[in-house]
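**Student:** Use these hints to put chain Y onto chain Z, whose structure you have.
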Amino acid sequence: MCSDSVLVMEIKSGNKKALGKLVERYKTSAYRLALGLVGNRDDAHDISQEAFLRVYKSAGTFDQSKPFLPWFYAIIANLSRTWLTRRSRTENRMVELDDVSFLLVDESNPEKNMEYRETISRLQSALLELPFEDREIIMLQHFRGLSYNEIAELLDIPRGTVMSRLYYARKKLARLMSDKS
Amino acid sequence: MSNEIRKLLAGYVDGELTESEQAKVEKALRENAELRAELEEFQKLKEITGRTTYADLPDEVWESYWESLYKKLERGIGWIFFSIGAIILLGFGLFLCFKGLFTDPNTPLLIKIGVSGLTLGVVILFVSFLRERLFAYKHNRYKRVKK
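Order-wise, the sequence lines are chains Z and Y. Counting from 1, one number per residue, gives the positions in the first sequence under our numbering. Counting from 1001, one number per residue, gives the positions in the second sequence under our numbering.
The following block holds chain Z by itself, in its conformation from the complex (with noise of 0.2 Å):
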């Protein structure tokens, strides 16, 4: 299986079956990344294949001594701030709530599961009310799961950054659930 970076170098020839190779890795990732960031599937979904089309404009810029996720974590941000901006200067910025249904209850025990539908209602409007880089952080340890050297390598800053901004962003977190109680 090809590297990522060599996948990358391919692309910036011109190749567009590498893109194609590196779509069917990654499309999941950049989805979901895109949707903890906005809150919303389609301009997720929009979101990730614009990701994708960057990846394939800017090829030449990469640096190949570097990791591909970063650069491609980096471009997926950039758009959703965008995104975000654009939309609070257009409309509420508050969505419809059929868009705002982000997130849903892990199935696994039904029964229990009742009592939570009604925090994780509060916790999708927390979320969406939780400045852009809380909200990254959040998404980044509680909903993908990477471990603290992982975040810092993706976000680019130390280790002690990623616990300091995660314990502000639970906070701001925290109280804004408690306040929607």
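In short, the hints are calculated from the structure, not lab data. A portion of the hints provided could be inaccurate.
What follows is a set of in silico ranges between Cβ atoms, one per label pair, in the way DEER data are often shown [claimed, not checked]: (1) Pro1058/Y / Asn15/Z: 28 to 34 Å; (2) Phe1102/Y / Ser3/Z: 57 to 63 Å; (3) Asn149/Z / Arg1131/Y: 41 to 47 Å; (4) Gly1093/Y / Asn149/Z: 17 to 23 Å; (5) Glu1132/Y / Ser3/Z: 24 to 30 Å; (6) Phe132/Z / Glu1132/Y: 21 to 27 Å; (7) Trp1079/Y / Ser5/Z: 26 to 32 Å.
Just so you know, even glycine gets a beta-carbon here, dropped at the ideal spot from N, CA and C.
**Tutor:** Leaving out everything else, chain Y in the frame of chain Z:
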């Protein structure tokens, strides 16, 4: 409560601390009720988020994902060629138009002055627009991707 302990509390909840860091947090937890309340709050959050998953897209969307992406890619390339061609043709057309207008001795001076003013105005507006976009790009605090 120090910022250091607060920071470590996040790592404690996620099991990301070294033994000595963990001992430091546990000592602080024994001594500080506020910290214990925060720990409980964070553990509750972890429990709630641990019971959720992201809503996935329907299968048919995933099946057509590459196809729709490929169409967008082709369209993008098409637009680039279209734009290049349009700029060349428009530029050449304008050049011929101006050349004919200014070299023709029968063209009234007023028309020549009017066309010159119009052209100069368009050029100034275009440069001003470009400069504004460049300024916005340079001062974009969210700029994280090199293009």
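**Student:** The structure should be examined with respect to each hint, and the outcome stated for every one.
**Tutor:** Cross-check of the supplied hints:
For Pro1058/Y and Asn15/Z, the hinted distance range of 28 to 34 Å is satisfied, since their beta carbons lie about 30 Å from each other. Checked against the hint of 57 to 63 Å, the C-beta distance between Phe1102/Y and Ser3/Z comes to roughly 60 Å, which is consistent with it. Range check, Asn149/Z to Arg1131/Y: about 43 Å between beta-carbon atoms, so the 41 to 47 Å window is met. At about 59 Å, the CB distance of Gly1093/Y to Asn149/Z disagrees with the hint of 17 to 23 Å.
Between Glu1132/Y and Ser3/Z the beta carbons are some 42 Å apart, a value that contradicts the proposed interval 24 to 30 Å. Taking the beta carbon of each, Phe132/Z and Glu1132/Y are about 25 Å apart, inside 21 to 27 Å as hinted. The given range of 26 to 32 Å is respected by Trp1079/Y and Ser5/Z, whose C-beta atoms sit roughly 29 Å from each other.
Hints 4, 5 from the earlier list are contradicted by this structure; the remaining hints agree with it.
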